[in-house]
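Chains as they are written, first to last, in our numbering: chain A, 211 to 752; chain B, 211 to 752.
I should point out that these hints are in silico values taken from the structure, not numbers from a laboratory.
Check before you lean on any hint, since a few could be wrong.
The list makes no distinction among identical chains, and a pair is therefore deemed to hold if it is satisfied within one copy or across any two copies.
Think about it this way: if two alpha-carbon atoms lie no more than 30 Å apart in a straight line, the pair counts; the simulated DSS-like pairs of lysine-lysine are [said to hold, decoys possible]:
| id | residue 1 | residue 2 |
| --- | --- | --- |
| 1 | K687 | K440 |
| 2 | K687 | K745 |
| 3 | K325 | K226 |
| 4 | K440 | K609 |
Next come the chains, spelled out residue by residue.
2 protein chains.
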Amino acid sequence: MRSLRSGKYGYVNDPKISVSYDSLQEYVETLERWVKSGDLIAEKEFYSSVRLRGAKKARDLLEKGIQYLEFRLFDLNPFAPYGMELADAKFIHYFILLMAWLDDTADQEGIKLGKARLAEVAWEDPRELSVYAVEGELVLLEMLKMLEQLNVSDEIKTIVKDKLGQFADPNQTLCVKVVAAIEQVGSYQQLGADIAQSNKAKAFERFYALSAFDNMELSTQALLFDAIQKGLKIEILDERDQFISLQFGDHLEYVKNGNMTSHDSYISPLIMENKVVTKKVLAKAGFNVPQSIEFTDVKSAVENFPLFENRAVVIKPKSTNFGLGISIFQQSVTNREDFAKAVEIAFREDKEIMVEDYLLGTEYRFFVLGDQTLAVLLRVPANVIGDGVHTVVELVAAKNDHPLRGDGSRTPLKKIALGDIEQLQLKEQGLTVNSIPAKDQLVQLRANSNISTGGDSIDMTDEMHASYKEIAVGISKTMGAAVCGVDLIIPDLKQPAEPSLHSWGVIEANFNPMMMMHIFPFSGQSRRLTMNVIKMLFPELP
Amino acid sequence: MRSLRSGKYGYVNDPKISVSYDSLQEYVETLERWVKSGDLIAEKEFYSSVRLRGAKKARDLLEKGIQYLEFRLFDLNPFAPYGMELADAKFIHYFILLMAWLDDTADQEGIKLGKARLAEVAWEDPRELSVYAVEGELVLLEMLKMLEQLNVSDEIKTIVKDKLGQFADPNQTLCVKVVAAIEQVGSYQQLGADIAQSNKAKAFERFYALSAFDNMELSTQALLFDAIQKGLKIEILDERDQFISLQFGDHLEYVKNGNMTSHDSYISPLIMENKVVTKKVLAKAGFNVPQSIEFTDVKSAVENFPLFENRAVVIKPKSTNFGLGISIFQQSVTNREDFAKAVEIAFREDKEIMVEDYLLGTEYRFFVLGDQTLAVLLRVPANVIGDGVHTVVELVAAKNDHPLRGDGSRTPLKKIALGDIEQLQLKEQGLTVNSIPAKDQLVQLRANSNISTGGDSIDMTDEMHASYKEIAVGISKTMGAAVCGVDLIIPDLKQPAEPSLHSWGVIEANFNPMMMMHIFPFSGQSRRLTMNVIKMLFPELP
Chain A
211 MRSLRSGKYG YVNDPKISVS YDSLQEYVET LERWVKSGDL IAEKEFYSSV
261 RLRGAKKARD LLEKGIQYLE FRLFDLNPFA PYGMELADAK FIHYFILLMA
311 WLDDTADQEG IKLGKARLAE VAWEDPRELS VYAVEGELVL LEMLKMLEQL
361 NVSDEIKTIV KDKLGQFADP NQTLCVKVVA AIEQVGSYQQ LGADIAQSNK
411 AKAFERFYAL SAFDNMELST QALLFDAIQK GLKIEILDER DQFISLQFGD
461 HLEYVKNGNM TSHDSYISPL IMENKVVTKK VLAKAGFNVP QSIEFTDVKS
511 AVENFPLFEN RAVVIKPKST NFGLGISIFQ QSVTNREDFA KAVEIAFRED
561 KEIMVEDYLL GTEYRFFVLG DQTLAVLLRV PANVIGDGVH TVVELVAAKN
611 DHPLRGDGSR TPLKKIALGD IEQLQLKEQG LTVNSIPAKD QLVQLRANSN
661 ISTGGDSIDM TDEMHASYKE IAVGISKTMG AAVCGVDLII PDLKQPAEPS
711 LHSWGVIEAN FNPMMMMHIF PFSGQSRRLT MNVIKMLFPE LP
Chain B
211 MRSLRSGKYG YVNDPKISVS YDSLQEYVET LERWVKSGDL IAEKEFYSSV
261 RLRGAKKARD LLEKGIQYLE FRLFDLNPFA PYGMELADAK FIHYFILLMA
311 WLDDTADQEG IKLGKARLAE VAWEDPRELS VYAVEGELVL LEMLKMLEQL
361 NVSDEIKTIV KDKLGQFADP NQTLCVKVVA AIEQVGSYQQ LGADIAQSNK
411 AKAFERFYAL SAFDNMELST QALLFDAIQK GLKIEILDER DQFISLQFGD
461 HLEYVKNGNM TSHDSYISPL IMENKVVTKK VLAKAGFNVP QSIEFTDVKS
511 AVENFPLFEN RAVVIKPKST NFGLGISIFQ QSVTNREDFA KAVEIAFRED
561 KEIMVEDYLL GTEYRFFVLG DQTLAVLLRV PANVIGDGVH TVVELVAAKN
611 DHPLRGDGSR TPLKKIALGD IEQLQLKEQG LTVNSIPAKD QLVQLRANSN
661 ISTGGDSIDM TDEMHASYKE IAVGISKTMG AAVCGVDLII PDLKQPAEPS
711 LHSWGVIEAN FNPMMMMHIF PFSGQSRRLT MNVIKMLFPE LP
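Throw the hints in and build the complete structure from the sequences for me.
Here you go:
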């Protein structure tokens, strides 16, 4: 047989069940009659090839109208991961268009005849020519004529010609291909297992992604994945803008970029966008904030050099991200020229700059949601560790060969580059890309710890003393944020926090904090933050 | 006498009251002794020229330290609106610096001598040279030397030289100037009344502004004005960023740009920023939204002409600017060439265009706060009305001569320009700038109704049917906004709203809507929206 679905082993009703397609009124009435007579248990037990859709009961269609048609006569393609190839879907699209295009129409008798012939073809030996091959070829030739007139792309014509070829050579049909594949691997079960394993491997290749939504950010993909798991109704409002809606029952929520929601207060990102205001707000609330002064021109900044002389300071643009324009004097700034140069670099990125106390310690990112610090992350600058055998180039290549590393937009981590900045960094350690570092030698490839420049993300949630997690929550609350990324400098994460800048200091607070680096860290435990976002939005979820 | 304040008619203690400035400890102890002995009723009754500040009781200074010094020996300058000229304040600043700069210091005897001489000078005839003129000149010459060494700007040196001149020519002193002014106007009372009236006129010249905060937007000035009236504690967190905090008791609120607050949900501006998402969200909630389709190239837009044929449509660039590139087919577009031309015009202004259902009617701005539409405004394109006598140039000049009109950033309304666009608009009406329009003839000077191009703002709050105000509130709530500017197209503002685009349609919703055009409209009632913002933030206010 050619088709299980359309043959007698598929979904078929008793031949006497005939529903009229002459008008919507008649469709509804004849369908209802069969249910009333008891020949159908319910309306949905009518197995038509085309079902009219748009209402729960057929009668409601008379008022609401037909919203869409459901075609129910396609056998699944076991070779296609989603059960149907895109080319076949396109073919069906234009075939339906052809049905509307042709002048001919069918009455009830015609429909009956069509059904009978469908069953007949379904029952044919798939390796033989169909008895209706000529009629099929004529229909497809009409289709090609239509495509010509509609000026449709060659891609579609090629698909139709391919179908045309299947009438002449049944070996090209899907059915025969399935048979051939079964014969080749030995058994029906084996073929099924082979395909399933291959599909599974493909699905897990980019396990962090939700491939149907691959045009969106990974964090939105993760959120959608979890939303689907939880049975939420999802809708993409603007793909490019990462704008989606989630719905559970009557409860509707909007989400942008994975964690910007109605739970945040509008003033909170406005505060966080402005580092000066952020500091004033946090200092006023009693948090440890490094002191800073702002300048709007190079001259006045440099004139005030004596204020900073012999102090450890950071010079940075007032707003901007990704560490651009930041200079750090870790020991202390002693030279006016060095200071002036750092000021100039910062002014390249913004019209206003800040000179800030530099805090000694390690920077950690606290991901806060509501009353809880859900994750703590340590970001380590791009690096490799020597083995006494391989060159830096080889070590980098090996480290880059990791499923999480890629371009950084379609992957949670970024491949380490070996550009000018990395080579300069190597030079400072007396190395080149072709050096062979000693066993266990840590080779720094970057000074900055951003994940976007190949840095490593290390989950430290369980290691961090609870007192700092509470501080991060307090900072988030002071900002009025529901979701907040708090950056704290901490010299010793095991010691409880004290109310002094020697114990800890807050560097900044970020709205729309990155989630992927916590969900898929380079090392340490994964924290599924997107699920927490969903629970925050829908506390009623079971 | 030269000085009331420093003479015997000013605040003076019994000469025996001597408080030591030798150390903070002695200051506190001697002061307390006079209070204990009953010679002073309270610490604050000690009328020193310099008061140490930072604690309510002098003794607390020993722990808290001196926070600042209060200088209490300046006579007010009646000619200066704030009682002191900026130049004098600068002089005092550098004079105090000089006191720290000079090696000399004074002991208790020196202070006593200084006090006696101050009283002596205060009692001198102001028109005569002071007996201490030479000593004073020597001090100021030292001051000029210091300024030279500090490399201070010429402005300061000029101020000091001016003071130096006053020793040689007493007519230059403030005191003699006051005497001369009294003689000129006839009496002391008359001079006071004249100055007061002039100050009042100046204060009311820009009645819409709060001059001490004139570097901020007018809307923030209005909010600060109301906050001060209500007794709130105000703080400028970032002047340039229009970021302030308001406090009542322990209740602290942050405000940016006059009405962005913690009451707005963060998702709401994100929705409003995206016109496509805004439309989807509003349509989903059941509001009348004109349908639209976006195109990114001329070809695909023109290919889709059949979708719009025989419909009333607007063709516009996706991000519009002052109405540039907009074509309207008010009746319906019937001709493909006309459509194509309109598409081309729109693409001159943007890379993306929209074809949107055209709504017949007038656009009104609804200012919504919480559950209420507080103001409705009609914006009318820049225009003048003829009187049969004056030219267009003269009519425009007369209309521009209005206290509310100016550059539009420091004034609520903008002066009408007579540039190319306005002259083209005149030409279309068969006029030039030198034409004399007939009496009551409406002369259009712009096609767009923006206030920023000289348009008029007309309050229509009381005229608008309540049903539209409710709709605007519903739209604001759907957006999750606390404060929202909703633009509705309404053909007849007296007819109750109906659920059809023929009755009304929503064009867009704006976060951080302008308030000044409602507070100071061109005509109609003023709506003091800033007070409503304060009441929203502080419902506990009496």
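The hints, checked one at a time:
no.: 1; hint: K687 to K440; result: both (28 Å within a copy, 27 Å between copies)
no.: 2; hint: K687 to K745; result: both (18 Å within a copy, 23 Å between copies)
no.: 3; hint: K325 to K226; result: within (12 Å within a copy, 122 Å between copies)
no.: 4; hint: K440 to K609; result: neither (35 Å within a copy, 63 Å between copies)
The structure is inconsistent with hint 4 alone, although it conforms to all the rest.
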